[in-house]
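**Student:** Residues 11 to 223 in the working numbering are what the sequence shown spells out, letter by letter.
Careful: at least some of the hints might be erroneous.
Stated by the list, open to error - Distance windows between CB atoms, simulated:
#1 46 x 94: 34 to 40 Å
#2 58 x 215: 30 to 36 Å
#3 101 x 70: 15 to 21 Å
#4 165 x 31: 24 to 30 Å
#5 168 x 105: 32 to 38 Å
#6 45 x 144: 40 to 46 Å
#7 58 x 20: 23 to 29 Å
#8 164 x 90: 19 to 25 Å
#9 47 x 192: 15 to 21 Å
#10 168 x 194: 34 to 40 Å
#11 193 x 215: 29 to 35 Å
#12 49 x 77: 39 to 45 Å
#13 211 x 188: 23 to 29 Å
It is worth saying that the hints were derived from the structure and are not from the lab.
Using N, Cα and C, we set each Cβ at its ideal position, and we do this for glycine too.
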Amino acid sequence: METQHLLPLTTILLLGAFHGINPGMGWLFAVALGMQERRQGAVWRALIPLTLGHGMAIGAVILIAVAAGVAVPAASLKLPVAVTLAALGVYRLIRHRHFSGGGMRVGMGGLTVWSFLMATCHGAGLMVLPVFLGMTVPAQGASCHAAGAASANAATAAAATLVHGMGYLAVTAAAAWVVFAKLGVGILRTTWFNLDLIWAVALIASGILTVAV
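Construct all of the structure, not just a fragment, from the sequences and the given hints.
**Tutor:** Spelled out as structure tokens, the structure:
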């Protein structure tokens with residue numbers, strides 16, 4: 011990976027960590043499963059589909075951007091991305107609704123789908139997209155150059171998705187373990203803070219910065 015990609019990848023890693031902090035993105039679900047089965051192994055087992063579903067949501071948005079970038083310059087995608095980010099942020103300020111279904115006792119496949127829907131609902135992929143667009147190679151000139159740019163962007167997309175997933179998994183696992191093994195879910199009754207509001211503000215700010223930077 012080129013050195014100029016180190017800072018954007020670090021940013022993507024930190025975004026993954028930020029996503030992992032949010033209990034609505036998975037760790038609270040992992041803790042609930044662990045407490046239902048009364049064993050820590052259930053917590054660790056839940057992390058696999060949670061991370062897979064989250065990674066699929068991130069990868070889907072990034073791959074769409076890569077496919078669009080073959081015919082559309084990355085710079086022209088900034089405005090639609092910015093508008094979508096800001097609109098989603100405003101929507102989350104007005105209405106706080108989450109995908110649900112199947113209760114807490116779901117299989118690994120259902121948990122993967124749940125994680126994918128939650129990450130999509132929270133706009134996780136859209137928050138990563140502006141950083142990724144800054145790493146892409148413009149597809150222009152001869153067809154061989156365009157093919158080379160597409161190949162490079164595909165490799166960058168894979169790296170960005172993997173790095174983001176690592177950040178998400180590390181923080182989700184740490185949060186789930188601390189709450190399950192040390193604190194218990196009762197801590198949430200006294201120390202809960204409004205992460206939905208933080209998400210909404212972060213989405214709107216990301217939209218503004220996408221155009222401004």
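**Student:** Now tell me, hint by hint, if it's right for this structure.
**Tutor:** Structure-based check of each hint:
1. 46 x 94: 34 to 40 Å: About 37 Å separates the Cβ atoms of residue 46 and residue 94, which means 34 to 40 Å holds.
2. 58 x 215: 30 to 36 Å: holds (32 Å)
3. 101 x 70: 15 to 21 Å: Once the Cβ atoms are compared, 20 Å apart, the range 15 to 21 Å for residue 70 and residue 101 holds.
4. 165 x 31: 24 to 30 Å: holds (29 Å)
5. 168 x 105: 32 to 38 Å: Given a distance of about 34 Å, which is inside 32 to 38 Å, the answer is holds.
6. 45 x 144: 40 to 46 Å: 42 Å Cβ-Cβ, so the 40 to 46 Å window holds.
7. 58 x 20: 23 to 29 Å: holds (25 Å)
8. 164 x 90: 19 to 25 Å: holds (21 Å)
9. 47 x 192: 15 to 21 Å: holds (18 Å)
10. 168 x 194: 34 to 40 Å: For residue 168 and residue 194 the Cβ distance comes to about 38 Å; the hint holds.
11. 193 x 215: 29 to 35 Å: holds (30 Å)
12. 49 x 77: 39 to 45 Å: holds (43 Å)
13. 211 x 188: 23 to 29 Å: holds (26 Å)
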